[in-house]
Amino acid sequence: MEIVVCVKQVPDTTEVKIDPVTNTLIRQGVPSIVNPFDKNAVEAALQLKEKHGGKVTVISMGPPQAKDALKECLAMGADEALLISDRAFGGADTLATSYTIACAIKKLGNVDMIICGKQAIDGDTAQVGPEIAEHLDLAQVTCVSKIEVEGNSIKVEREHEEGYEIIETQTPVLLTVLKSINEPRFPTIKGTMKANRKEIPTWTAGDMDVNPDQLGLKGSPTQVRRIFTPQQRVQGEIIKADSAREAASKLASKLLEAKIV
Amino acid sequence: MAVIINKEECVGCSACINTCPFGAMVMEADKACITDACTVCGACVDACPVGAITKEIEKSSVKIDKNAYKDVWVFIEQVEGQIRNVSHELLGEGRKLADAKGQKLAGVIIGDGVESFAKEVFASGADKVYLIEGPEFKNYSTDGYTAVLTDLINTYKPSVILIGATNDGRDLGPRVACRVGTGLTADCTNLGIDEQTGLVAWTRPAFGGNIMATILCPEHRPQMGTVRPKVFKRPEQDFSRTGEIVQVASKIKSQDIRTKLVDLVKVCTTSCNLEEAEIIVSGGRGMCKPENFALIEGLADVLGGVVGASRAVVDAGWKPHFHQVGQTGKTVGPKVYFACGISGAIQHVAGMSSSDVVIAINKDADAPIFKVADYGIVGDVMEVLPALIEEFKKAKAC
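Read top to bottom, the protein sequences are chains F and A.
One point on numbering: in the working numbering, the residue at position 129 of the first sequence is 129, and numbering is uninterrupted.
One point on numbering: in the working numbering, the residue at position 221 of the second sequence is 221, and numbering is uninterrupted.
None of these hints come from the bench; they were simulated from the model.
Some clues are possibly wrong.
Claimed, not checked - List time: in silico DSS-like cross-link candidates among lysine-lysine, alpha-carbon distance up to 25 Å:
1) K254/F to K393/A
2) K49/F to K254/F
3) K101/A to K250/F
Stated by the list, open to error - Across the chosen pairs, the derived CB separations fall in these ranges:
4) E8/A to N196/F: 24 to 34 Å
5) G109/F to N154/A: 41 to 51 Å
6) K31/A to D68/F: 23 to 33 Å
7) K119/A to K254/F: 37 to 47 Å
8) Q196/A to D19/F: 47 to 57 Å
9) E15/F to E8/A: 31 to 41 Å
10) T197/A to L108/F: 33 to 43 Å
11) A241/F to G304/A: 22 to 32 Å
12) A68/A to K254/F: 25 to 35 Å
We put the beta carbon where it would ideally sit given N, CA and C, even for glycine.
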């Protein structure tokens, strides 16, 4: 089975803090990581490969330093990695991004399954996966928490608000996966050494059959009008008491008096 | 790159560097420079005190007749034979947009035997209903619903489409937007009209809730967005309202739907319906061990609330994923939110900050959760919670 996994290098948003004085993001020392959901996607692909054979190719669109993210996926056990990187891709929204990645996957050809993380933790849109599927005219299942493969038949569990759905479909298909699907493995030392030796090709716009009008900012219907820091909630009252019992009693009476509960 | 720095005018104050949410600005020889990480968000343009930074607007070559697109549509999502709350919330908000633009509000109902929904949709503010029925639409499918909604858009040309940011909505939205070749803003928490352009201004959190971005879709139609449940109030329904029902025949054949729903396993009863809950009691790692969640359940029980959990607790396997509140879990907006033994990472706060009243109980007086709490108790959850349960039991008995 030929599996493509789409990964994104993202800043670790858990490490981002707001400067209380200037009210702006403090990015210094914020590490770049492989988007956590994408690691679950890589793990899911590796597990399928171990069971059914085949090849796992990881692909990322981003600046040259995104190679580090691809290296980490290779170290986990992916067979091939591909970076698509070009200044012409800059400023791409989800539509232009998915178009560009879809063009690269088209060029790779012969893909049975594309796995993406449910969403990236910097943008949180959860749109690039389904839009890649649309560009390639593939069936899709999002929010997948379990994958079973038998020949060309795919059976997945898809989470929704009330529980989960069991869905059957056929390859080729695009799946987006949740964190609950698996526990991503750590790269081994051997894997890391192998990944360091592995060459990661970079494709630019010129390497693919693309319509330049659909790339980057030019190919992006949405535009950012304004970026601002959200209004913070204001800290309320810390209940002072000598014991837990007294604190609980004070809180309960405050809540009951204000008819909050 | 479409953000340009006029090096002559740059005074090297580095205001832009601090403002850039993406770390894409650096100083080189006392002048600001833009790196590949730039996403052309334009935050630096407003930050520059001397106006040395400009955003070059690259005109898209796509030319569509924007005047041909009118009206605001809301995709009506259903669950277990009922309209989801978020669809009503969006009808309420869509009404405001439609009134501001002097246009009509329509609900799009796709399903099997769902005509009765129309009166509900009118009561929540719609002037019109597009109704597509057939056995193949009994349950949501990406292929079926995408094809129907795309056909409707191409035929009736709406200006704006609002979709709930639910699992199905976030599956459908990108697929439809991509097929019609327009922009989609995900997971919005605020909607408005941009004063300069008259476009819908879609505001959404990004970067794990650290920043907000307002997005426009200037040259493409329809303008589409998914909107989070619970950020808008459900409108008061007026059942004296009526409207026009436009029945549209579907061209979909069942073989066009490439996925087959084999089974629907319901896990969530009211006990974990966090999105609709009025009171949520959540526990975090500070509960120390899974057995101690009995206290969380105890407090939820006495208050008639439901149980939530932080990501740490879900990752540790103490509680199933359905209970998780936060950026990668559920976004909730109850009247009262109890955070017990939860430190308050920004990702958690992003999922609960629209709660009316937040109560935090934590041993660590410096825990960030206290910064967003209306009431806080610095103390051991293992002591405070039993006392609190007792207090509420007493109050209930009176």
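Against the structure, test the hints numbered earlier, and report the numbers of the ones violated in rising order.
2, 3, 4, 5, 8, 12
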